[in-house]
Structures are given as structure tokens and as C-alpha cells.
Amino acid sequence: MWQFFHKLGSPKWFFGIANRLMPWLMWGGVVLLFAGLIWGLAFAPKDYLQGNSYRIIFIHVPSAFLAQSVYIMMAVAAVVTLVWRMKLADVFVKAAAPVGAVLTFLALFTGAVWGKPTWGTWWIWDARLTSMLILLFLYFGVIALGAAISDEKSSARAVAVLVLVGVVNIPIIKYSVEWWNTLHQPATFKLTEKPAMPMEMWVPLLLSVLGLYLIFGWFACLRMQTEILVRERRTRWVKALVQAEES
Amino acid sequence: MHPIRKKRLIIVLFLLAGIAVAVGLTTYALRQNINLFYDPSQIVAGEAPVDVRIRAGGMVEEGSVLRDPESLKVEFKVTDFNSSVLVEYTGILPDLFAEGQGVVAMGRMTDNGRFVADQVLAKHDENYMPPEVAEALERASGGKHKAVDGNSTGAGY
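Residue numbers (our numbering), protein chains in the order written: chain A, 5 to 251; chain B, 834 to 990.
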């Protein structure tokens, strides 16, 4: 176990693993996501109250779910950066933050589109919506702070501390609908308890969530590889790789 | 684990615990401001200020909706199954507004205990179901209540 952990510290080793993983992540993700979306958007039954407008849930829930998961993964990587000083953990944080920001924006946007016809307003300052907006700003902050400090080591540590400070927001997002009165309804999509929707709506939703996880894994590998190549451009193995590519 | 790493890990854990306590205390102190709306019970108990813009939320009581045939004025009771508050509103209601549905109304409490709203939002619950299932549930409950009630009584609105 520890050997695997220490191998993770080697960018070269990770580069090779990512090459082998990426086709699986990409095809698995594309197939699952498309299956879930097509099933959900075209074939799942409509809701008795909202009609077809509820179908935005098949995009809203996966992106909101992933937006929070990605942040938790970044927080784990931040602990690794601070405690073990592993470069690859920082590479992950820098690679994942823009993807997380896009997912958070997507969740807020689809929520607003759904909220207008359903609630009667596209935005309200309730605890769920506000904490999600804070998550978006946290992602922006992580991206900006990482880009503002040019020294690799100080940038890694500063970003890791910011990510860790922000992680308290995650339980606030999750439990906001239970702790306070909000306009946003409690969770429909649950993994541990019986979901508040029938199977023929829940299964496509589950497929889209799983598919988006794999797609995120693919994006993360791709972006981490790019970041590794930039950082390790002076090493022998990267030069050899480029030469092999050119010839 | 290496002693230096152990020390760093402890510092990181302290950092996390400190932030969690700080944020926890702040949100606890601000809990009334974070709550989007007052429950009818809170309003009846006099916890909500009079003549200040507040939000009231709850279920629209069955059989309480009175529409004025001449105008857009509408009156209904908002309940949390303990107490209820009479709400007055003039304007277009959202599509999901119905008896037995959750709503959040923004407006003021008047001295005579009525809530004058200038905005009414529909609150959707977490239950999703196909129309056939909803009909079946309604038939099973004798058609007296809407299907949602059976699932979400007491669970919130």
C-alpha cells in the first residue's frame, strides 16, 4: 500500500498509468453519460406535477454532485500536499479546479433555468443556493491563487491551505436544506436511503452521475498529463518522449 | 509515519478543526438570518416582526384558497399543521401553486394578524413520480387528498 502511495509521487509513473487509463475512462464515461441522458431526457416518465421541465434534473444533479465531489477530492490532495509534499497532489488540484468551476456553474445555471418556471424566481438567497455560489467563488479563488504565485512550491502550499479552508463549505451545502428553511427541496437522489423517485427515473440519473464521474476522471488525467509535461519539460524522460513523438 | 509528516498532519487537522468551529459558531449565531422564511407557528407565536419585510413559508391549506372573481386578488391560509396564517396576495401565482403545495410568500405582517404578500414562490418537494403513480395514489386515498400529502406530511414542505 505504501509502495503504491510512494509511486504516486513519481510524475513519470503516473504519466504512463494515465495513458493506459484514459481510453477506459473516456469510453466508459461517454457511454454511461449518453445512456443516462438519452434515457432520462427522452424515455423516462414525466413528473406528475412539473411535467417535462423536471428533466433538467438529469443534468443538474450530476453536475452539482460532481462539483462537491471534486472539491472533496481536491481537499484530500491538499492534505497530501501539505503533509507529504507530493508534487502530483498539487498537479491534481490545479488540474481539477477549472473542471470543478465549470460543473458548479452548470449546476447553478440549470437550477436557475428550472427555478424560473417551478418556483417563480430564478434566484433566491437561500442557504443552498448561496453556499453553492460560495463554492463557485472558492473554485475561482483556487484558480486565481494558483496562477498568481509563480514559485511552484509556495503556490502549491498556498493553494492547499485555501482548498482546506474552503472544505467546511461542503457539509454546509449538503445539509443546508435540513438545517435551515430553504426554498430548495431536500435531496431526491440518495445513495444510502430509498430515493424519493421511482426506479425508472433514478436509474438514468445514477447512470449520468457515474458517467460524469468517469468523464471527470478522463479530464483530470488529460489535464494532469499536460501539467506534468510543462513542469517536467527539462527532464530526460520528457525530452525522450517528445523526440519519440517527433520522429 | 515520519515524525515531521506526523507533525504536519496534526497541524492540518488543527487548522481544519479550528475553521470548522469558527464557521459552526458563526452560522449558529446567524441561524435566524440564514433561515429563508418563518414557519406559521413562529409567526403565530409572535417571533416574526410586524411591519417588516419577511418571508412566510408552509403548505397551502386544503380548501382555504379564495379568489376574487373581479381581480387577481387571492387569499389563502399557509399552515405547518400546527398553526396557520392568512395570506393576502394580488398578482399571478406560479404554475405549481395549488392547495396542499408548499409556498414561500414575501411580504409584511399587519397588526390584525394577516400577512400581505407581494411575491409568492412555489416550493417543490423532493418527491418525483410519474403521473400514473400519482393518480393511483390519489385513487387509493379515496380521491380526497392530493397524492403528495400521503408522502410528505410532517416531513416539511
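A portion of the hints provided could be inaccurate.
[To be verified] When the alpha-carbon atoms are kept at most 20 Å apart in a straight line, the in silico SDA-like pairs for lysine to any residue are as follows: (1) 178(A) to 859(B); (2) 178(A) to 856(B); (3) 91(A) to 19(A); (4) 50(A) to 951(B); (5) 120(A) to 929(B); (6) 120(A) to 951(B); (7) 11(A) to 236(A); (8) 91(A) to 841(B); (9) 178(A) to 931(B); (10) 178(A) to 864(B); (11) 120(A) to 952(B); (12) 198(A) to 970(B); (13) 120(A) to 853(B); (14) 194(A) to 10(A); (15) 91(A) to 845(B); (16) 91(A) to 837(B); (17) 906(B) to 934(B); (18) 839(B) to 120(A); (19) 120(A) to 845(B); (20) 840(B) to 79(A).
No lab work stands behind these hints, which were simulated from the structure alone. Just so we're clear, the structure is a prediction, and the values are computed from it rather than from any experiment.
Hint by hint, here is what the structure shows:
no.: 1; hint: 178(A) to 859(B); verdict: holds, 17 Å
no.: 2; hint: 178(A) to 856(B); verdict: holds, 15 Å
no.: 3; hint: 91(A) to 19(A); verdict: holds, 13 Å
no.: 4; hint: 50(A) to 951(B); verdict: violated, 32 Å
no.: 5; hint: 120(A) to 929(B); verdict: holds, 11 Å
no.: 6; hint: 120(A) to 951(B); verdict: holds, 17 Å
no.: 7; hint: 11(A) to 236(A); verdict: holds, 16 Å
no.: 8; hint: 91(A) to 841(B); verdict: holds, 16 Å
no.: 9; hint: 178(A) to 931(B); verdict: violated, 29 Å
no.: 10; hint: 178(A) to 864(B); verdict: holds, 16 Å
no.: 11; hint: 120(A) to 952(B); verdict: holds, 13 Å
no.: 12; hint: 198(A) to 970(B); verdict: holds, 18 Å
no.: 13; hint: 120(A) to 853(B); verdict: violated, 34 Å
no.: 14; hint: 194(A) to 10(A); verdict: violated, 35 Å
no.: 15; hint: 91(A) to 845(B); verdict: holds, 18 Å
no.: 16; hint: 91(A) to 837(B); verdict: holds, 17 Å
no.: 17; hint: 906(B) to 934(B); verdict: holds, 19 Å
no.: 18; hint: 839(B) to 120(A); verdict: violated, 51 Å
no.: 19; hint: 120(A) to 845(B); verdict: violated, 42 Å
no.: 20; hint: 840(B) to 79(A); verdict: holds, 18 Å
When held up to the earlier numbered hints, the structure conflicts with 4, 9, 13, 14, 18 and 19 and fits the remainder.
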